[in-house]
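Chains as they are written, first to last, in the UniProt record's numbering: chain A, 1 to 516; chain Z, 1 to 389.
Hints listed in this document are in silico derivations from the structure and should not be mistaken for laboratory results. Using N, Cα and C, we set each Cβ at its ideal position, and we do this for glycine too. A portion of the hints provided could be inaccurate.
[Said to hold, decoys possible] One-sided and incomplete, this derived list gives chain Z residues near chain A with beta-carbon spacing under 8 Å:
# : residue
1 : 111
2 : 186
3 : 190
4 : 195
5 : 213
6 : 216
[Said to hold, decoys possible] If you want the footprint, here are the derived chain Z segments under chain A, 3+ residues with CB under 8 Å:
# : segment
7 : 16–22
8 : 148–159
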Amino acid sequence: MQFTGRRNKFGTNLQTELYLQPLQFYGQPPLENISLSEFETFAVERLKLLKTVENLGVSYVKQSEQYKQKLEKELKNLNFSYRPDAVDKDNKESSKKPPQNGPSELEKRRKDHISHFILRLAYCQTEDLRRWFIQQEVDLFRYRFNELQPIQKLEFLHKNNLQYDAISVEEKKNLKDNLVSSSYAVSGIKVELEEFYKVPFQDALDLVRTRKVYLKDGFAYIPHQDIVTIVLNDFRTRLSKALALTARSLPAVHSDERLQPLLNHLSHAYVGQDYSIQKNVGKISLEQIDSLSGKSFPLCMRKLHQALRENHHLRHGGRMQYGLFLKGIGLSLEQALQFWRMEFTRGKVDADKFDKAYAYSIRHMFGKEGKRTDYTPYSCMKVILSNPPSQGDYHGCPFRHSEPELLKQKLQFYKVSPSGVSQIMELVKGMHYQLACQKYFELTHNVEDTSFSLSHPNQYFLESQKLLGGGKDIKREADTPQRSQENSAPRGSSAADASEHLAETTEDLDAFFVDV
Amino acid sequence: MPSSDYDPACLPDLLPLYYRRLFPFSQYHRWLNYGGVQKNYFQNREFSFTLKDDIYVRYQSFNTQNELEKEMQRMNPYKIDIGAVYSHRPNQHNTVKSGSFQALEKELVFDIDMTDYDDVRSCCSAADICARCWTLMTIAVRVLDRALREDFGFRHLLWVYSGRRGVHCWVCDEAARKLSAAARSAVAEYLSLVKGGEETVKKVVLSDPIHPFIKESLAVVEHYFPQYALQQQDLLSRKDSVDKVLALVPEDILLFIYFSQYSTAKKGQHFEKEIMLQYCYPRLDVNVSKGVNHLLKSPFSVHPKTGRVSVPIDLRELDKFDPFAVPTISLICEELDRPKAGEEEEEKPEDATETSLAKYVKHFDQFLDALARSRKGELLRQSDLQKEF
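For reference, chain Z alone in the conformation it holds in the complex (with noise of 0.2 Å):
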């Protein structure tokens, strides 16, 4: 496992480091700064740092790239967050007449944790994930890329390994940058199947029509759900494969539902689906996406219980994806350290491209291109109807 054994106390000395050599501030800044299209956006950006100590601060802001470089270099923050795009810079905000300092616009965000699926895990629980429930997060990720990309139309989504149990989506289009607080919530809500706190046994309700949301979204999660365990006859009624059933979920809520459902001699027609949707369909954290100033972990941010660097992750590759596999400071620090391979002389690697962060700096890499062409066409188009040559 190339994590390096990474210890959570020499933070202090990998993260000057990190934010010297690793940091990809050039393609950072390149992102929030979208094009330079709109006045001010990465000045007015709020970031908020939390520093050795636990100590927290916000309403950063920067007025250049080199600025956040010099800044971040001198704070070595263990923790990024990044927050809205405000009516003036953040970090003036107490100059500012009350009332008139507000949230703009930011990107449409996801936060997808792993204890949000506790009650239906039994390989581990909190914290914890392992192999087997991290299909869950893959499963998220494919439903919803799917459903943000072909019902709602957005065609710039980042996602990011969150660097211990999830995963966040950043939606980066400017349709999605300018929503209001309203509009993220109804999207939240639209995208929300699975309801209910401590008292509710049964999740997921499925009445007819089925819509055509739901059917896309079953789709995704029966080709990754184990086949053999819900096969077209009465699940609990063959031995192997109630087993198998068990095996993914705590025995009490099923045989609750088993109970309830016979009880009432009132089998539901969606029950099978019902039972894979409460087990596998996303869970999100409606309260992160509601907000428009709400502050969200950065991308190529640390986490410092792990050490893993919160990389994003291709979705060409995410069946593969490994979050154990994701580097951790330790490792790509030492990895500076190491003579390059193949080379003649000790030659060392100069920055992260030579490093195991380069694959994922290279995929933000043609993230940002993508959003560069996209903004490139619209003002073509702009341009256009002005009738401008």
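Isolated chain A (complex conformation) (with noise of 0.2 Å):
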């Protein structure tokens, strides 16, 4: 792309053609010349999009009529599409609604193309990023492919060729009954009715992993109505490897001094905190860890750090979680390797086993082994959505895993009061698990209300040490990796307007993360 200023916007023909779709793959960049400042309105303006969809995903049941709501409102208010209305050539809405505000269909879908592009090149370099970025932008897509009519969905499918094999009224016959019991949705009318497609069940993992269909022989069947997983899965291997492309050719793009900044940002800001500065190390004795495990720590890690005394041991899922908690509180590897010593020892490791066995992994966690990645602690978002806890585990989130009458007793037994337990287990059955959270440590530090939206374990902590006054050192991180790269702008005259400007959508953005 090349940036000398604004020209013919909707491009070549092709392009035109492409956005006549409601939705597309986003299989070709865009071939236009666009303004930096479009440039950079576009991308910021995807992002707080993306940004929505993953706080949509963690508050509310994907794609509930609630969380539809609140997409589609998002999508208005960011002037992104959200209506598969028809469009013709000339750039017209359709006849049946009048003229609007604002941009036309056309542009907004035009916005849509352009925007995914300038993420791809913020998001390609890391995998963090990377499956971040996959994981919104795939909600997305099967939140606007829902939305489409069925013709419009059959139309999407043949045109982006996506094969498979229709099975034959003999076949449906036979196996009627599997197909009516393996899926909620179908009777055995509409075995009758529908057309059914043999899929190898590679190509059709979330229906595989939900058991959401029947399987056979290697072959997954699906009903017409499901065709949507398999263009998901879809969407997710191309853009994986758009991504991975996407990589390489990045020191072109970061060799642009106008661009450079602005993609930095953008990869920051998603991350937000991540507790991995450690400017409290030593901060904290190993013998503040039980007195403050009562005052300071979220449940999860309460619950952690009262099974480890009791049993004298974590597997692995809580070893991780509580002991990268640990390391963002402020431990040391030192503290750390002599805490978890002290407590296995107890129980059934001997001193030379956790050696062998445990210390490794305690220092890999701190960045000393391996591949040397210093992990980050988790994140309510990681602690809630992956590696649920089974037989033998203490890790995860007790607002989202336990069972409601468990989870209300141990409130109980921490002395919650009946009201607040009930305010708390109201906030779970609405899986609003944070807010939960969030109500347990008003509850138990006494507050009306926190000034703080709780996202991670260790701000839990962080706040709560500052509430308790013992926290006067540790400071708030947000500002600083922002700062920094602001001051890090282009120098030149030509991009001294360009730095205002970004310093001002910035200021924009940063705003817009400390809301939510």
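Join the two chains into one complex using the hints; note that each chain is given alone, in its own frame.
Below you can see the structure in the form of structure tokens.
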């Protein structure tokens, strides 16, 4: 892309052709010129959109009515396309609707196209960034695909070369009972009337994983209506490959001084606070941990600590979640080794075995072994969404993973008032796990309203310490990464305007993320 | 019991003998070479060894069967693990540019460990097993074997006794070896029915419609579960049936479920099925199956604590399989010293084929033959497609 100013807005005919479709796979990058300001605006707005997608995904059941309504609202606010209306070549809205103020549907689709590709540049750089970007884009795509009319869905598949074989009427008859009982929405009549497709199970992993499909001999038998999961898989795979390719061409992009600061800022913005920068190393002593666990640990970590003290052992999932948390609150490697060793040797593990089997993994956590990644403590999102606990595990989020009855008992045991307990259980019922934890914070610290929005166990700890007066030294690092980016803004006269504009945009962005 | 009094302290003396005369190197290499169809498949395979004094070495790899033999005879590993086939020779991974050294393929594996059933067995706990709770393993093998074959279409499954308290399954089909981590995780989750940690009491929840997979699995479980404990009547109203079920499981769990079901005045229609599944359905460790680079104990490796060899299990004789009858390293080493029965002269066995290990190696051979036949069939099909004569 070249940025010499606003020109032919709708580029080639091919592109216009593309924008007639309500949805695309982002197979072709945009081939037009746009201004720097449009570049920045588009990118920032899409990032806001994806951030919303992420938050909605944790607070509501995906694709539920509430989720869809809120997402549509956000799409409207940010001027992204949300209606799969037909758009004809002359850039007029369909005749039923009167012309509206603001960008046309065609313009919105163009923005969608361009902004996606810009964010690819920012989010292709590391595994974590890629994973996050792909997850939100897939969720957004799923929403949009579901909003299409059936005919439009077929058209989409046709235009994007997704091949699948329909099974014969005979085979359908033979498999009828199995087909009916493998999918909630499929009745006997549907089996007769609708097409069923035979797809290798590797192409329908989402359906296989949740056992929502009939499997025979390595093939998944998919009703027409479920084809969306196939499409999603395909989308995910294509995007993943594309990001890998994009990463290789990054050096060329980074050499453009106008782009580098914005792209860096975009990729840091999603992460926000990750608690890996240890300003507090050594400020906690091992003797304090027991009392701290009662006062300032979130419920998940308190539970892990208790289990560790009682059983003198924790399984891998628990060691990771709790060990990284401790690192985040300021334990040094030496302290961590001492702490775990002391506890494990009280149990069935002798000192020798500890040094051989467990010490390695603790050093690994601190980035002293293997590929030397300094692992960051898990955020709430990560704890809630990945690696659910099974028999013998104590990790995970108690608000998400514990049986409600047992959670209630535990809260009562920790002296939460009955009304407090029911408030928390209400939130849990509505799947607002982080809000439930925040309520727990409020009740145990005797405050009316917390000033922060809980998204990380270490954040819980810091806020608690601040409240209890013990954490005067512990500063919030929210502004440091962004500020340093702005300081390294490009030199040169033409870039001065850009960096000023950048400063404005990034302040908006910061404000946006702090509120969340 | 043909364990011949295994003593872990003897391992340093027994292992050299085991690796010189008993370990089936030829079959082992035949397996992991997979017909030599893919270049460097054997050479790029990672092995890891646990040596004396718990020294653990990773990224071992070998160019030929001969080299594998020599090295193992030199190092006498206490434990052997098999990892993935990588993009480069694992023993040279340090010379490869960071990021280029990747795990490419590996068998799809499952690990069923008896400790994961501790909340539903009262006869044993932790590392112990007995004939009664071993039935749980039998059920696990049957359920998973059926599902992997009939639902997923896999054909070459190697079931192996882990040597102490569980079983492993190695799915060796080409399609299985090429599965991505996401696919492995999806397969493992499809196969998982028992969910929840310490804090979950009711670990199986069934809702209508009942998926064909669950139906089939239930059929297997029902075949083994003591029928009389769960007959048509309300299982908790008759004392003798109560006793039978309670004998199987810890009391407090069952009573908790009983009371919570009755107190909410809503006895779920699938209550009995859920109970059966909670007590008997296989419990997998999804993490073992997920990773392409995950290392798993090798067949024919010796378990240092019990001395038992990790032998392949013949599913045709699954119901008769007795983990306590699996030969230990001390037994088979001793057999090498005994004169062969029925011989006039005092002739001693040459190698494994004349010890208690023989039948397991034979079964392994049959498994490998099937793999070879299927490879041949595939090659023929490919050449037909290309119209080569």
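So, going through the hints one by one against the coordinates:
1. At its closest, the beta carbon of residue 111 of chain Z sits 13 Å from a beta carbon of chain A; the interface hint therefore is violated under the 8 Å criterion.
2. The criterion of a C-beta within 8 Å of any C-beta in chain A is met by residue 186 of chain Z, whose closest approach is roughly 4 Å, and the hint holds.
3. Below 8 Å, beta-carbon pairs count as interface contacts, and residue 190 of chain Z has one with chain A at about 5 Å; its hint therefore holds.
4. Interface hint at residue 195 of chain Z: satisfied, since its Cβ lies 7 Å from the closest Cβ of chain A, which is below the 8 Å cut-off.
5. The closest approach between the C-beta of residue 213 of chain Z and any C-beta of chain A is roughly 6 Å, which is under the 8 Å cut-off, so the hint is satisfied.
6. At about 10 Å, the closest approach between the beta carbon of residue 216 of chain Z and any beta carbon in chain A exceeds 8 Å, and the interface hint on this residue is violated.
7. Look at the segment 16–22 of chain Z against chain A: 0 of its residues bring a Cβ nearer than 8 Å to a Cβ of that chain, fewer than three, so the hint is violated.
8. Only when three residues or more bring their CB closer than 8 Å to a CB of chain A does the claim for the segment 148–159 of chain Z stand; here the count is 5, and the claim holds.
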